[in-house]
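Participant: Taking the hints into account, I'd like the entire structure generated from these sequences.
Residue numbers (the working numbering), protein chains in the order written: chain A, 1 to 344; chain B, 1 to 344; chain C, 1 to 321; chain D, 1 to 321.
What the hints contain is simulated information worked out from the structure, not anything from laboratory work.
Check the hints yourself; a few may be wrong.
In silico lysine to aspartate or glutamate, EDC-like type, Cα no more than 16 Å apart, as pairs [to be verified]: (1) B:Lys281 - B:Glu297; (2) C:Lys38 - A:Asp261; (3) B:Lys335 - C:Asp161; (4) D:Lys38 - B:Asp261; (5) C:Lys190 - B:Glu339; (6) C:Lys41 - C:Glu11; (7) A:Lys37 - A:Glu310; (8) B:Lys146 - C:Asp20.
Coverage of chain B stretches by chain A, computed from C-beta distances (three or more under 8 Å per stretch; other residues unrestricted) [unchecked claim]: (9) 175-188; (10) 196-203; (11) 208-217.
All residues carry an ideal CB built from backbone N, CA and C; glycine is no exception.
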Amino acid sequence: MVHGVVSHETASEVSTIRETYLAAFRWMLLARILDDKFASLYRGGKIHGGVFLGRGQEALSVSVGLSLRKGDVFAPLIRDAAGRLAFGEPILDAVRTYLGSPLGPMRARDGNVHRGRPRTGLLPMISHLGAMISVVNGILLARRLKGIEQGVGATCVGDGATSTGAFHEAINLAAVEKLPLLLIVADNQYAYSTPTSRQFACRSLVDKALGYGVAGSTVDGTDLGACMQVVGLATQRARNGGGPQMVVASLLRLCGHGEHDDAGYVDPELKRSHLGRDCLKVAEAHMLENHWAGPGEVQNWRNDAMGQVEEAVATVQREPAPDPYKENWCSLASKNLCEGFSGA
Amino acid sequence: MVHGVVSHETASEVSTIRETYLAAFRWMLLARILDDKFASLYRGGKIHGGVFLGRGQEALSVSVGLSLRKGDVFAPLIRDAAGRLAFGEPILDAVRTYLGSPLGPMRARDGNVHRGRPRTGLLPMISHLGAMISVVNGILLARRLKGIEQGVGATCVGDGATSTGAFHEAINLAAVEKLPLLLIVADNQYAYSTPTSRQFACRSLVDKALGYGVAGSTVDGTDLGACMQVVGLATQRARNGGGPQMVVASLLRLCGHGEHDDAGYVDPELKRSHLGRDCLKVAEAHMLENHWAGPGEVQNWRNDAMGQVEEAVATVQREPAPDPYKENWCSLASKNLCEGFSGA
Amino acid sequence: MSITYLDAIREAQARALADDPRVFVYGQDVGAFGGAFKATKNLAQQFPGRVLDAPISEDAMIGAAIGAAIEGMRPIIEIQFADFSTAAFNQIVNHAGAYFWRTGVPCPITVRLPSGGTSGSGPFHSQTMEALYAHYPGLVVMTPATVEDAYSMLLEAVAIDDPVVFCEHKLLYYHLKAESLPSEALPTGKARIARTGRDMTIVAYSAMVHEALAAADELAAEGTKVEVLDLRSVKPLDTDTVMASVARTGRLLCVGEAWPWGGVTAEIIARVCSEGFDLLDAPPQRLNAKDTPIPYHPNLWAVHRPTARTVAAASRRLLSL
Amino acid sequence: MSITYLDAIREAQARALADDPRVFVYGQDVGAFGGAFKATKNLAQQFPGRVLDAPISEDAMIGAAIGAAIEGMRPIIEIQFADFSTAAFNQIVNHAGAYFWRTGVPCPITVRLPSGGTSGSGPFHSQTMEALYAHYPGLVVMTPATVEDAYSMLLEAVAIDDPVVFCEHKLLYYHLKAESLPSEALPTGKARIARTGRDMTIVAYSAMVHEALAAADELAAEGTKVEVLDLRSVKPLDTDTVMASVARTGRLLCVGEAWPWGGVTAEIIARVCSEGFDLLDAPPQRLNAKDTPIPYHPNLWAVHRPTARTVAAASRRLLSL
Ligand SMILES: Cc1ncc(C[n+]2csc(CCOP(=O)(O)OP(=O)(O)O)c2C)c(N)n1
Ligand SMILES: Cc1ncc(C[n+]2csc(CCOP(=O)(O)OP(=O)(O)O)c2C)c(N)n1
Ligand SMILES: [Mg+2]
Ligand SMILES: [Mg+2]
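Facilitator: So this is what it looks like as structure tokens:
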């Protein structure tokens, strides 16, 4: 099992590490600011349905997005704003989906975190937890059948999702086929209000890896450097034929399940513990401490991110709402097979 | 992890071991003869649908049946004729279900291995693999809620069934609730025609135990003594509050998936290997070697078992077939809520 | 005092727990948290050890309920959203549904499905699944439309000896109010005449009863008297009351929030036409959702499902036939 | 040469594999073993690496098929028995069914469901599940009744850009024979007039077409001319052909092997009554299975499902109305 331990680097390695760290930090910052904006739009009644944030999970999520390349596949889950951005999802896609713009990738048909563009390797999740993993498997299997043995497939789940049958069947299938699957488990201590003690009884979720015959690693999800290293190594192993990789990160969800939830059930002890650290603040402190960036620089990045988010929101708010009378209400790609129901 | 190792016993222990061994052998023999009878009835066209045998799995199965007591729950699977008999299922129940007698526990509505009497703790399986485990959980949970903290619940699955989502959800739930569940995995090297290499990628299925936080043991499924010991100990641990126990037995299915299947796909190497030993023959040799029984005695037992089976079959063959016009075709216990469909 | 549909569901569970030691509640987040919709608020505190949080394992949750029921308990299972019951589908239809018929042993579980569309909920938090469960033998499928029925039918669901799929509608949770909880109710399987009329019959259930009633108001202003029936349970389905109403009005419109292929509206029309063809003065009509997933955006959603406006339009059309 | 329904299914897969490099077959025991019913016999040998054994993981099998389809492949998934598709229900209806509508990206998977009752198979190896899949948007549901259709419709299923649930009937596997494979076929969504007649119309699909034809033979001897329609696909459902036939005969009997609540027979009657009420000279009738699990014993099973005898009886009754 691989743990996220910091080793000694050469000077040029340090400089690459620094560059990547700063890039990661900026995506994290952008994700946080985007999330905050959605929260404020939600409070202002501007968003239909729920809002689900990745607060506290940006370090882990961004590490996944950054470890992937063009041609890889990514099936993010609820709390992956940072990973999505780093993987290349335009801010506009996020804003359009939340605000229900017909110009967004889901064309107002689906909303909030249920967004993606399969053609670019970014899969839109369905709500049913665990369901995305096997779909990533299928893409990887298809590539093998086509003779394209490159590209990894990454997907994220929470501690709660590990209890689903879908999770189990999919990771087992990936193991049998030895697919280049990167399965990130964000153990954020709760599934909605349910603590892990009511969700599983193993010591750590990484103990499941052995039972599937896949590689497992653990990482401190509040530590950006550790996340980048552990996720990066796992991705590399998957890329190099090492088969499925399970990475279990420990952290705490620093928000409600959704913005409707005040998360009053979260144990205050946990909030005060190491797990309760805000990965964004930890990363910022780390940069400042190492003189990788100064406070002014960080402020500039923040302003830049806020500008991007505000601009995207302003753009989308000027976009028309969907017109139901322009919908053809046909679920099939084969238009000729669509039935016109007289009473529908 | 507990392994089935033989330890040194005192004289009185030896005598109990001998007694139990002989009892177990006699159930195994009865199960084998009953199975053989079903196979011959099948070949004679006397059985509707399929016939599924437990040939080669009697040592494991009988150990489960014998380790249980009155008040325990048992949800056997396809290959558990021996365990069923040892748990107390009358031969007549088996024969009536296979031959479709309306006097059987399933009243000709369900057949072959889908039989049981929930009121006596013997659960009738549905076909969907993995589905029985959570039902056993529910019984154990109910007892806890009722304040009855006794009785274990045992159930058996094959190597193939471990790939189902139902298996995963159920064992995890049992672990979270620390239920006295005995989960027997008969790794008989094949799921229908599919070898384990296409079913899972872990070294041994017992490696899954750690990932659920439950106790795991392995046993040589061809060795009756080892099975009795390992299953017995696991049952005891479950009974004493040790939580769920997973026992993984290695053996080989010594028949087709069903009697329609000649099992031509089974690797001849495996048949010749240790796994391919016939547990019934191994047990017989062990008894003779230890002078626990003589050949004449064994022959008497065989004759007795054949007599029982023949008698049961003769009885059931005289029973009337079900009369569809006496059926009320009502699926509900609340008769007043049954609908009379005009066109059904 | 004013009691919402959601309160009624909570109160029914509280009453069942209080009156019957065999009852327990199991579901994700139903314990201390009180459930995603607060349908079990305070129950864990009031009934310690009898309201239990489940892992995200719908299949195993229903399996466990079946086991508990066989062992003599009366489990109430909350599926967080009806849509997620697909993950428990096998245990519900093949295990619970077939249990009594196969074994002679009853399997009294109650599966609560928070169902139906609400604004902004999208394809996977809006479904109404009654047609799937009603198709399989062995299940009772309830679809309460009122605060009173939410209460009394849930108590009835727990009391009867068969598995009940209890489709409670999320759109009614907060808005629908009553003055008090009922002390008596129609028996399960009996439809209710929600409004009397003589010109046509609208048969609806769950949230659609209210769209139908609003449409009936609109049509009343035009001088048309619409009778509105609330099916209450879709299996069993009260064909007699439907036929009696059609016998009076001669015209039938069936309204359902579910998808158009199959389902409740088709079943009612099939029954009325095969058994009461001559009662009809005009072709029976139906109105369902569009045949696509349920859209996220309120503009699309409002057109996807039947509403008072489209029910009224379909009614006018029916009256003109 | 004589080709069975099962041969046709095998040949269609062989042809699809041969003609289209995007096709692969995935399912339990479909590889070297050739499948539980031998529907993929020799395919693994003929098409190395393209016919793969799956673990007992129906949900993940369909998930993988969806992924492969997005990636441009045309997977054919064999579910060992239709009944086990409950374990894949979520991926089929919520993921595959909604894919194109949500994303604009087609999801061309073919899910083969060996369906329907055979003697001695019991509650969990006998189900017909077309009503469930047809209820959900986004799926095409095929129910071939002939050797020719088994072949050409399976090829069509693979060719079209949408997820297809292919309900092949196990009872027809060995008994139904044809002289050769067809080179052309009706388009998907078109019903077939299996037998012309002017006195009444029987609409059937899958194995029930043959019960209907046998009933029609019986009735012909009595001087009654029964028209028998074979729906071929139940979604889309060819309302036009049904209405045209009813326009000629004035009488409609719908026969389905599925359970009586909802399903194909209700859907047809609802359509014909709401759109073609005046075509009917008598109340439309239907005949389905009993509303219980499918029984094991042949005596019970023979009465549980519609047969030529009960179809003929229902026809006589309809003719007397
Ligand atoms: C199969 C299924 N059951 C229930 C739900 C409802 N649900 C949505 S998110 C959630 C909690 C998820 O917890 P976890 O997997 O730990 O992810 P986290 O929210 O903590 O990131 C639940 C129960 C669902 N989406 N899918
Ligand atoms: C969910 C599900 N999928 C498929 C099947 C069909 N099936 C019945 S038995 C079997 C093989 C079971 O293998 P295993 O679990 O190893 O048990 P064994 O037969 O070897 O004892 C299969 C695939 C099923 N019963 N349930
Ligand atoms: Mg979590
Ligand atoms: Mg096996």
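Participant: Which of the listed hints are not met by the structure?
Facilitator: Hints that this structure does not satisfy do not exist here, as all of them hold.
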